[in-house]
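Participant: From first to last, the protein sequence lines stand for chains A and B.
With the numbering used here applied, the first sequence covers 1 to 270.
With the numbering used here applied, the second sequence covers 1 to 66.
Treat the hints with caution; some may be incorrect.
Stated by the list, open to error - Some, not all, of what chain A presents toward chain B, calculated at C-beta under 10 Å:
no.: 1; residue: VAL29
no.: 2; residue: THR31
no.: 3; residue: LYS33
no.: 4; residue: LEU37
no.: 5; residue: THR53
no.: 6; residue: VAL54
no.: 7; residue: THR59
no.: 8; residue: GLY62
no.: 9; residue: GLU103
no.: 10; residue: ASP106
no.: 11; residue: GLY173
no.: 12; residue: ALA225
What the hints assert, rightly or not - Once the Cα atoms are required to be at most 25 Å apart in a straight line, the calculated DSS-like pairs of lysine-lysine come out as:
no.: 13; chain 1: A; residue 1: LYS33; chain 2: A; residue 2: LYS256
no.: 14; chain 1: B; residue 1: LYS30; chain 2: A; residue 2: LYS239
no.: 15; chain 1: A; residue 1: LYS33; chain 2: A; residue 2: LYS138
no.: 16; chain 1: A; residue 1: LYS78; chain 2: A; residue 2: LYS33
no.: 17; chain 1: A; residue 1: LYS78; chain 2: A; residue 2: LYS256
no.: 18; chain 1: A; residue 1: LYS78; chain 2: B; residue 2: LYS30
What the hints assert, rightly or not - To be clear about the criterion: a stretch of chain A counts as covered by chain B if any three or more of its residues have a C-beta under 8 Å from a C-beta of chain B, and this derived list gives those stretches:
no.: 19; region: 68-78
no.: 20; region: 242-248
Keep in mind that the hints were calculated from the coordinates and are not lab data.
Predicted model, so just to flag it, every value in this text is computed and none were measured.
Just so it is clear, CB atoms sit at the ideal spot from N, CA and C, and this is done for glycine as well.
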Amino acid sequence: MSTVMQSQPATLADPLVIAGISYRSRLLVGTGKYRDLAETQAATEASGAEIVTVAIRRTNIGQNPNEPNLLDVLPPEKYTLLPNTAGCYTAEDAVRTCRLARELLDGHDLVKLEVLGDEKTLFPDIQQTLVAAETLVKDGFRIMVYTNDDPIVAKRFEEMGCVAVMPLAAPIGSGLGIRNPYNIMTIVENAGVPILVDAGVGTASDAALAMELGCDGVLMNTAIAGAKNPVLMASAMKKAIEAGREALLAGRIPRKRFASASSPLEGTFF
Amino acid sequence: MQIVINGTTRAVPDQTSASELLDTLGLGDKRLALEVNCEIVPRSRFDHYMIRPGDRVEIVHAIGGG
Numbered sequence: 001m002s003t004v005m006q007s008q009p010a011t012l013a014d015p016l017v018i019a020g021i022s023y024r025s026r027l028l029v030g031t032g033k034y035r036d037l038a039e040t041q042a043a044t045e046a047s048g049a050e051i052v053t054v055a056i057r058r059t060n061i062g063q064n065p066n067e068p069n070l071l072d073v074l075p076p077e078k079y080t081l082l083p084n085t086a087g088c089y090t091a092e093d094a095v096r097t098c099r100l101a102r103e104l105l106d107g108h109d110l111v112k113l114e115v116l117g118d119e120k121t122l123f124p125d126i127q128q129t130l131v132a133a134e135t136l137v138k139d140g141f142r143i144m145v146y147t148n149d150d151p152i153v154a155k156r157f158e159e160m161g162c163v164a165v166m167p168l169a170a171p172i173g174s175g176l177g178i179r180n181p182y183n184i185m186t187i188v189e190n191a192g193v194p195i196l197v198d199a200g201v202g203t204a205s206d207a208a209l210a211m212e213l214g215c216d217g218v219l220m221n222t223a224i225a226g227a228k229n230p231v232l233m234a235s236a237m238k239k240a241i242e243a244g245r246e247a248l249l250a251g252r253i254p255r256k257r258f259a260s261a262s263s264p265l266e267g268t269f270f
Numbered sequence: 001m002q003i004v005i006n007g008t009t010r011a012v013p014d015q016t017s018a019s020e021l022l023d024t025l026g027l028g029d030k031r032l033a034l035e036v037n038c039e040i041v042p043r044s045r046f047d048h049y050m051i052r053p054g055d056r057v058e059i060v061h062a063i064g065g066g
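Can you make the complete structure from the sequences, with help from the hints?
Facilitator: Given below as structure tokens:
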């Protein structure tokens with residue numbers, strides 16, 4: 001949702017509003033790829049995130065029944081869990097995953113829809129994502145949709161009733177940063193729902209840039225979980241999101257080709 | 001009777017309910033979701049839902065993921 005297009009000037013205190021629910025943090029984090037649940041918990045806490053993604057997978061049968069559970073360290077009472085459809089390559093699998101997630105989480109219907117098209121790039125299969133989104137909207141789900149950085153497709157998802165649109169910055173887990181900032185800007189300017197960059201962030205400056213471009217938030221996993229010190233990176237990302245948001249609201253200076261002295265030219269004695 | 005649980009064929013007693021099946025697997029008190037033959041079985045129906053021979057059962061939970 002474009003900040004500059006709103007009639008009331010945006011302020012730092014403005015919450016991120018997704019499907020009518022307000023969140024203070026504009027950083028959303030994934031919970032995969034951590035060494036153990038203790039690290040997951042510590043990094044998630046340090047990120048300040050209120051919305052965390054989870055995957056839905058088969059329960060191990062016959063293994064240690066007292067194995068600690070992700071939801072023990074990230075209780076649904078404290079975090080808004082966002083089940084994803086990671087690993088789905090068809091609309092059918094994605095819809096099935098969302099229905100299982102809703103049952104698992106006692107009717108909680110906010111989901112991250114992603115339907116992948118290719119194992120090498122993990123780019124979305126837009127055709128299948130559209131099919132899944134249509135079914136899920138009719139079924140009452142509130143969908144945050146992972147998509148590519150195509151402004152036309154982003155608008156289509158919004159018109160279908162998705163509650164947030166999440167264009168990739170770069171391939172999932174690549175850490176390449178925002179490959180197409182002008183498209184992200186265009187998506188933001190056109191949007192009537194929150195736009196969150198999802199995937200591709202590598203380090204704090206990438207997250208800050210996403211916010212400076214006007215994004216409403218950023219969702220990331222690998223950039224934190226894969227860092228040498230995930231807890232420290234989580235803290236860095238929290239600050240980057242806030243810094244980028246502040247910079248956007250402050251209004252940056254225009255870019256100029258040549259210098260403009262910061263010290264007065266009058267009163268020199270040489 | 002034979003059923004398929006999370007992709008593996010297993011033998012379970014005839015007249016087994018969903019609740020009994022989960023108890024047998026040591027999952028009775030776990031937060032999970034159950035699907036039989038691609039249809040969700042709501043938790044509220046576990047006690048009365050009877051597993052039938054050849055059923056394909058999926059038992060899922062939440063794990064870390066992006």
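Participant: Against each hint, give a clear statement of whether it holds in the structure.
Facilitator: Each hint, compared with the structure:
no.	hint	verdict
1	VAL29	holds (8 Å)
2	THR31	holds (4 Å)
3	LYS33	holds (7 Å)
4	LEU37	holds (8 Å)
5	THR53	holds (6 Å)
6	VAL54	holds (4 Å)
7	THR59	holds (5 Å)
8	GLY62	holds (7 Å)
9	GLU103	holds (4 Å)
10	ASP106	holds (8 Å)
11	GLY173	holds (8 Å)
12	ALA225	holds (8 Å)
13	LYS33/A - LYS256/A	violated (43 Å)
14	LYS30/B - LYS239/A	violated (37 Å)
15	LYS33/A - LYS138/A	violated (33 Å)
16	LYS78/A - LYS33/A	holds (21 Å)
17	LYS78/A - LYS256/A	violated (47 Å)
18	LYS78/A - LYS30/B	holds (19 Å)
19	68-78	holds (count 3)
20	242-248	violated (count 0)
Going through the hint list in order, the structure does not satisfy hints 13, 14, 15, 17, 20.
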